[in-house]
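> The residues making up each chain are set out below.
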Amino acid sequence: MTSDTPTLDVRDLKTHFFTKAGVARAVDGVSFTVGKGEVVGLVGESGSGKSVTGFSIIGLVDPPGRVVSGEVRFKGQNLLDLKAEQMRKLRGNRIAMIFQDPMMTLNPVLRVDTQMVETIRAHDASVSKADALARARDALGQVGIPAPDERLRSYPHQFSGGMRQRVAIAIALLNKPDLIIADEPTTALDVTIQGQILYEAQKLCRETGTSMIWITHDLAVVAGLADKICVMYGGRIVEQGLIDDVLDHPVHPYTRGLLGSVPGHNTRGHRLYQIPGMAPSLLNLPEGCAFQARCPKADDACKALPHITNPVPGREIRCFHPHLDQDEEIGA
Amino acid sequence: MSVFIIRRLMQSVIVVAVMSLIVFVGVNVVGDPVDMLINPEADQAEIERVIRDLGLDRPLHEQYLYFVGNAFEGDLGKSFVFGESALKLIVQRMPATFELAFSALLMAIVIGVPFGVYAGMRPNAISSRTIMAGSILGFSLPTFWVGLMMIMVFAVMLGWLPSTGRGDTVEIFGIEVSFLTADGLSHLLMPALNLALLKISLVIRLARAGTREAMHQDYVKFARAKGLSETRVILVHVLKNIMIPVVTVLGLEFGSLIAFSVVTETVFAWPGMGKLLIDALHNLDRPIIVAYLMMIVLVFVIINLIVDIFYSVLDPRVRLKDAGQ
Amino acid sequence: MSDAAEQTTAHAVDPVKVETPLQRFVSDYADNKISVVAFIVLVGIIFIAIFAPWISPTDPYDLAKVSIFDSKLEPGTKSMDGVTFWLGTDSAGRDLLSSIFYGLRISLGVGVMSGVIALCIGSAIGLIAAYYGGRIDTLIMRIVDIQLSFPAILVALILISVLGKGVDKVIIALVLVQWAYYARTVRGSALVERNKEYIEAATCLALGNNRIVFRHLMPNCLPPLIVVGTVQTAHAISLEATLSFLGVGLPITEPSLGLLIANGFEVMLSGLYWVSFFPGIALLITIVSINLVGDQLRDVLNPRLQK
Ligand SMILES: Nc1ncnc2c1ncn2[C@@H]1O[C@H](COP(=O)(O)OP(=O)(O)OP(=O)(O)O)[C@@H](O)[C@H]1O
Ligand code: SF4
Ligand SMILES: [Mg+2]
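Chains as they are written, first to last, in this note's numbering: chain A, 1 to 332; chain B, 1 to 325; chain C, 1 to 307.
Excised from the complex, chain A in its bound form (with noise of 0.2 angstroms):
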């Protein structure tokens, strides 16, 4: 591994769920690399794909759905090419990912400690149960939980929920991963919390190198948090770049209507705003680009598959036609 090989590089990576109505492409061709230290935004809509992007990357992905080709290069090295076992010992060791719905992450019938513990020792047998306990105890602090020695011995429905989701995240910091993927782990936490919660992960990844991928609906988060973004529709990632350059002039209609921008204004600290029409069923998707129906530059090439383009420079998109002109009105 020399100093410039990506913590995470994923390449055409295609996940596709066989369902008795049909197969389904949740990852249809998904490209992105994710540096040392660095926080990659993945937004979209409902569906689009990113959790199970997120659980392909940690070989989660639950039947009837399955990796069908790609790579998943860590540190240089194809995750799918490992047996179960290898996989096992980077999950929650140096792979770690929060999940999005807190309320079911944790077992209702085991202690705190007893989850934070058997994450500790499943990976090192070797640390003694009260090494094991101190370290759940310095990571419950570490997100906010006051008086961490109590809650360790308490059942998960003495929580409320965005307590939950500390815990759960204190469980990814656990064995000091390289790479957090966060699945909207700040969703269902209130605002000042969340705002610390972004705090520590961002001195997390400056500090130590942690790599993250950061999958989420708001805007304002990736806009704060994120060195990268990748814009998902329909199982693709249709743009991604710079935060800065994404946010500020996005070239694709899909992440245009995101924004809902007007040139020229900053748009961090816009929410998800909905483009009108349906998110498309992954069923039956249309033969080219998923947008096509919604899109209004949307013309007869686009019923071929776009291909990755960069129309500029360090910008990555799938379009045919982008828009380019920065002083173009959206829908002209």
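Keep in mind the hints are simulated off the structure, nothing from the lab.
Note that the structure is a prediction, hence the values are computed from the model and not measured.
Take these hints with a grain of salt, some might be off.
[Said to hold, decoys possible] Sample of chain A residues lacking proximity to chain B, with all beta carbon distances greater than 10 angstroms (derived):
hint : residue
1    : A134
2    : G161
3    : T208
4    : A223
5    : T309
[What the hints assert, rightly or not] Straight-line alpha carbon distances no greater than 20 angstroms define the calculated EDC-like cross-link-like pairs of lysine to aspartate or glutamate that follow:
hint : chain 1 : residue 1 : chain 2 : residue 2
6    : A       : K20       : C       : D168
7    : B       : K221      : A       : D245
8    : A       : K83       : A       : E71
9    : C       : K165      : B       : D279
10   : B       : K78       : B       : E46
11   : A       : K83       : B       : E230
12   : B       : K240      : A       : D113
[Stated by the list, open to error] Sample of chain C residues lacking proximity to chain B, with all beta carbon distances greater than 12 angstroms (derived):
hint : residue
13   : R24
14   : I46
15   : L283
Just so you know, even glycine gets a beta-carbon here, dropped at the ideal spot from N, CA and C.
Starting from the known structure of chain A, arrange chains B and C with the ligands on it as the hints suggest.
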């Protein structure tokens, strides 16, 4: 916690009181108490003496109190056949029945849970389908006939296991038990398995359903995301969740095990209280029947109580909810 | 391909020809091969039970025809007058196959009879509970709950010990064991139906209560009742066999399968396995086929599972 126990205790007392009333009415109103409790071979003087003793010449509500009073003193009449206190006879036979029922319960868990979890982990595998077909069959098999077939195969044809009795027993805490001697264990094996059969099927179904549900839960996925081994995910995260329904249902079924041991004890000539009851039914030894009924009601109520408490220990959500009230 | 085409044309030509509910029910049921086999077996068993006196090779209870010299013969041996005992004979020289046919008749008869009576009584009580609600409902359901919390065998033993022995007593005991299930089932579905509009409409039209119950409630409670009925009948047959085996069920003058098995028990230890083996198999096949049919009925009749 203690509030919870006290409340459950009070409920139990009420149920016992109601059931004692039902048994009393059953004996005194539906059946003729003179018939029920007095040896048909007794002469007239004897009959009159017992009628006075039992207070049968007094009004019904007084009789009931009398019955309860006697029951409290452990006096539910004398067996016609043995001439001894019926309650004492029942209590003497109780350890044998409990040993059988406990062994069956243990077998149901030890055999049922692994099969059920396995079938729940891969519901579509042929092996899992075979397990489920077996459990459907287990529900339909007449227990007593299976017992006979076991005796025929393992005792008569193969000669591996003894077919009747308890074998050698040892005494611990003043109670005779079979499972501590090799001979006793060989006597216990077949009856316990026979009694367990239905419950094994039940546990397989419960464990399978629970496992299937748990496998789809986020907390299992999260446990995997933490890098836990599959063994730990199944043995701790899944198992601990499915054990709550399994233990609850099995606990409640313990009473039915004791009731069904009537059949198994008859087949294997196991000297428990079920066998005593059947013999009493044959001999019209009514005090024994009454004593058995009161005893089994008590056992049922106590079991329900224990299961409730156990349940609250296993499932933190129940415990805390109750304490908070 | 051509089949599909034919079907479409048939529909086009004759649009009236739609699947009736019964046809749909039959085709849904036939989806599962095992259930079809179970149904055929069950029909066969019922046929044997009804016509046992005419189709049995011998009359096992005609003392003139049973010879003690034929006793304890192995399955397949021929009798002195040339009849083959396919399943062997018992210690009195009775042909086991014939005994089983007659036994099925008794077992099934007692099971079905108790089931039907329990269904009538239980449904009536359940309907009363659902229809009148309030205290009556609470009281009835409390009794149901308490009874169902005790295992059936125990309730049956208590009843037998109070009532005494005899065919009628066994049927009464089986009815008292079962009624609560029917009552609970009927009450449940009647409560659902009760809230539906047409009952309100019917009440508004001031139809008699009886009419509402029998015209409107009954037909809608039927599907769950059929399912519970099959399962409970299987239970009743099994329970009767158990009681008879224990010697507290049917008298020896009514040799049901349970009694046949009990008879075999006495000679089994000396190696005559067939005397209790075959009646048990007959009992098992009966119960399994009823349960399988019941299972499939539940799937087919369950409105939630219907497409
Ligand atoms: N278990 C599954 N079975 C079938 N299809 C699935 C399954 N899980 C996900 N999918 C498919 O994958 C698509 C993407 O799901 P995913 O959870 O990744 O969306 P998401 O972008 O995370 O949305 P959200 O913001 O709502 O979390 C879904 O629309 C669905 O079609
Ligand atoms: S490819 Fe066509 S349809 Fe797709 S986003 Fe670009 S312009 Fe719109
Ligand atoms: Mg998601």
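> If you test the structure against every hint from before, which numbers come out violated?
6, 7, 15
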